[in-house]
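Asks: In order, the protein sequences belong to chains A and B.
Going by numbering that gives the first Met the number 0, 89 is the number at position 90 of the first sequence; the sequence numbering is gapless.
Going by numbering that gives the first Met the number 0, 10 is the number at position 11 of the second sequence; the sequence numbering is gapless.
No lab work stands behind these hints, which were simulated from the structure alone.
In this text the structure is predicted, and so the values were computed from the model without any measurement.
For each residue, glycine too, the CB sits at the ideal point set by N, CA and C.
Wrong hints could be hidden among the right ones.
Unchecked claim - Not everything, but these chain A residues come out facing chain B in the computed CB check (under 8 angstroms):
(1) N54
(2) H86
(3) R92
(4) A93
(5) M97
(6) R101
(7) F105
(8) A121
(9) M169
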Amino acid sequence: MTAAIEAMIEVRNLHKRFGHVEVLKGIDLDVAPGKVVCVIGPSGSGKSTLLRCINRLERPDAGYVLVGGHFVGYRLVRDRLHEVREHELCASRASIGMVFQRFNLFQNMTVLDNVTLAPKLARGIGAAEAERKALALLDRVGLAGKKDRYPNRLSGGEQQRVAIARALAMEPSVMLFDEATSALDPELVGEVLDVMRALARDGMTMVVVTHEIGFAREVADEVVFMDAGVVAERGPPSQVLQAPREARTREFLARLL
Amino acid sequence: MTSDKEVEPRLDLPPVPLARPGRWVAAAFVALLVAWIVAILFNNPNFQWKVVGKYLFSKEIIDGVKLTIELTLTAMAIGVVLGVIAALMRLSQNRLLYGTATFYIMAFRGTPALVQLIFWYNLAALFPKITLGIPFFGPDFVSFNANTIITPVIAANLGLGLCEGAYMAEIVRAGILSVDPGQREAGIALGLTRAQTMRRIILPQALRVIVPPTGNQIISMLKLSSLASVISVTELLSAAGLIYTRTFETIPLLIVASLWYITLTGVLTLGQRVIERRLGRSVAETAPDAGIWSRLRAGGRPIAGPD
Numbered sequence: 000m001t002a003a004i005e006a007m008i009e010v011r012n013l014h015k016r017f018g019h020v021e022v023l024k025g026i027d028l029d030v031a032p033g034k035v036v037c038v039i040g041p042s043g044s045g046k047s048t049l050l051r052c053i054n055r056l057e058r059p060d061a062g063y064v065l066v067g068g069h070f071v072g073y074r075l076v077r078d079r080l081h082e083v084r085e086h087e088l089c090a091s092r093a094s095i096g097m098v099f100q101r102f103n104l105f106q107n108m109t110v111l112d113n114v115t116l117a118p119k120l121a122r123g124i125g126a127a128e129a130e131r132k133a134l135a136l137l138d139r140v141g142l143a144g145k146k147d148r149y150p151n152r153l154s155g156g157e158q159q160r161v162a163i164a165r166a167l168a169m170e171p172s173v174m175l176f177d178e179a180t181s182a183l184d185p186e187l188v189g190e191v192l193d194v195m196r197a198l199a200r201d202g203m204t205m206v207v208v209t210h211e212i213g214f215a216r217e218v219a220d221e222v223v224f225m226d227a228g229v230v231a232e233r234g235p236p237s238q239v240l241q242a243p244r245e246a247r248t249r250e251f252l253a254r255l256l
Numbered sequence: 000m001t002s003d004k005e006v007e008p009r010l011d012l013p014p015v016p017l018a019r020p021g022r023w024v025a026a027a028f029v030a031l032l033v034a035w036i037v038a039i040l041f042n043n044p045n046f047q048w049k050v051v052g053k054y055l056f057s058k059e060i061i062d063g064v065k066l067t068i069e070l071t072l073t074a075m076a077i078g079v080v081l082g083v084i085a086a087l088m089r090l091s092q093n094r095l096l097y098g099t100a101t102f103y104i105m106a107f108r109g110t111p112a113l114v115q116l117i118f119w120y121n122l123a124a125l126f127p128k129i130t131l132g133i134p135f136f137g138p139d140f141v142s143f144n145a146n147t148i149i150t151p152v153i154a155a156n157l158g159l160g161l162c163e164g165a166y167m168a169e170i171v172r173a174g175i176l177s178v179d180p181g182q183r184e185a186g187i188a189l190g191l192t193r194a195q196t197m198r199r200i201i202l203p204q205a206l207r208v209i210v211p212p213t214g215n216q217i218i219s220m221l222k223l224s225s226l227a228s229v230i231s232v233t234e235l236l237s238a239a240g241l242i243y244t245r246t247f248e249t250i251p252l253l254i255v256a257s258l259w260y261i262t263l264t265g266v267l268t269l270g271q272r273v274i275e276r277r278l279g280r281s282v283a284e285t286a287p288d289a290g291i292w293s294r295l296r297a298g299g300r301p302i303a304g305p306d
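Model the full structure from these sequences, guided by the hints.
Replies: Now the structure itself:
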């Protein structure tokens, strides 16, 4: 690597279509180290697809993503991007944490095994070391006491906190949150947002797709409003959320309130 | 308005249950029927229970039982391995892999197992020599006479195993598809490879859907293996047949064979329950781990968990 890193995440001209529906129509996004970007917008606007293209759960049709100064899924040979083999892609993904709307905890494993599996398999960390770190992380999200439970015995909020601990166990350089609180009962949203807030305070670089406007206002360094596959408006929360320039943004925010 | 409660009902005694006379009549009728059937079984001299007793543990029959067990287990082992491979091929994005597996499943599910067995038995007519080597370009490493390596037992194992693989492929595929796609995404997103995700996350969860029908497959394979009798494999049914063609004690020997099939099926059924119980653990985390004996005491009915 020769150039210094200015952006922890750099997304350029990202395009993605499913069949003949163009979901992303050329997205650019920069997230500086330690910053939090909240992505808001109506459903179907391409927010989740953008997130899933960053860790290449979806393969973009055009454009590229850099995380921590490294191409995700590509290698630069002279001036052309070349797709990389699976193990290189896995190494990139290992440094990008992702939290899903539906938690997606491994149902066949205890909480502790959920958190230790990937460090052991993908990072080759010893079982004792992985367990020690996992317990520290579970303690951080307030769930050390439930390490031997299976996921289906936990509340939604608890499952999502375990999912966050599981992602953090890989010591990622960025975290992606895909509507992490949308599937939760209202009274459980707070505990997950608290964990996310603490994570942002600790200097984690985060991209948060969310409908929690209050959270965005409080935590985001930048708010990105997406509509119909493009970034319609972006800026500090005070501007985008309180004094939106675009009519589309105003309409969306009005419907939320 | 008047109340039904003319006096305070006694709460120290349980409510008097509803009398169900119909149930008693039905039970009496069935009891009579069963007694009648038992009487027929034991009073009809043609069943020749003495002969049954004489052959039940005879060496020929026991050898047949052993071969039946061997055939069942080998064919199922081949079937499970082929089934997993074919299922993964069917789920592949690669058209050729998908097409090959689809054709295999169609061919082997679409023809009777009996036809396949006879076909394998007569393989030598189609390929007199079987050669191991690099296809098209050579060299050949070893060459065998088909008649010497495809013995009847090998033919039976191959035939039943290949046939079973086609059924298992669909069972395994259904199992894999039953796992929430989010499980795969979570594994991939953590940086696990597709193979690690399949092995550690998806297949273990698919097992809960795969095991019950596989148990049924083993049980039907046990009985399907009797088809091997037509290609002169002396499994249980053949062993019994060899005796009754000699002694003309057909009925008692068929009863001997049936008693063994029923016993083996019973053993397999119990084994299946134990395995299903273990797989269910992440669902019923705190359910007591009931052993075979407590299950038997509970009359084979599932013991109620704390749910």
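Asks: Go through the hint on A/A93 and say holds or violated, using the shortest Cβ distance to chain B against 8 angstroms.
Replies: holds, 3 angstroms
Asks: Should the hint that A/M169 touches chain B count as held when the rule is a Cβ pair under 8 angstroms?
Replies: Holds - the Cβ of A/M169 comes within 8 angstroms of chain B, reaching about 6 angstroms at its closest.
Asks: For the restraint on A/N54, tell me whether the closest CB of chain B is nearer than 8 angstroms.
Replies: holds, 6 angstroms
Asks: Less than 8 angstroms between beta-carbons is the criterion; does A/F105 satisfy it with respect to chain B?
Replies: holds, 5 angstroms
Asks: Does A/A121 pass the interface hint, meaning its C-beta sits closer than 8 angstroms to a C-beta of chain B?
Replies: holds, 4 angstroms
Asks: Taking the closest Cβ pair, is A/H86 under 8 angstroms from chain B?
Replies: holds, 7 angstroms
Asks: Minimum Cβ distance from A/R101 to chain B below 8 angstroms?
Replies: For A/R101, the interface hint holds, since the closest Cβ of chain B sits about 5 angstroms away, which is under 8 angstroms.
Asks: Is the hint on A/R92 kept, meaning its closest Cβ partner in chain B is under 8 angstroms away?
Replies: holds, 4 angstroms
Asks: Take the shortest C-beta to C-beta distance between A/M97 and chain B; is it under 8 angstroms?
Replies: Hint holds; A/M97 Cβ to chain B Cβ min 4 angstroms, cut 8 angstroms.
In summary, the structure agrees with every hint in the numbered list given earlier.
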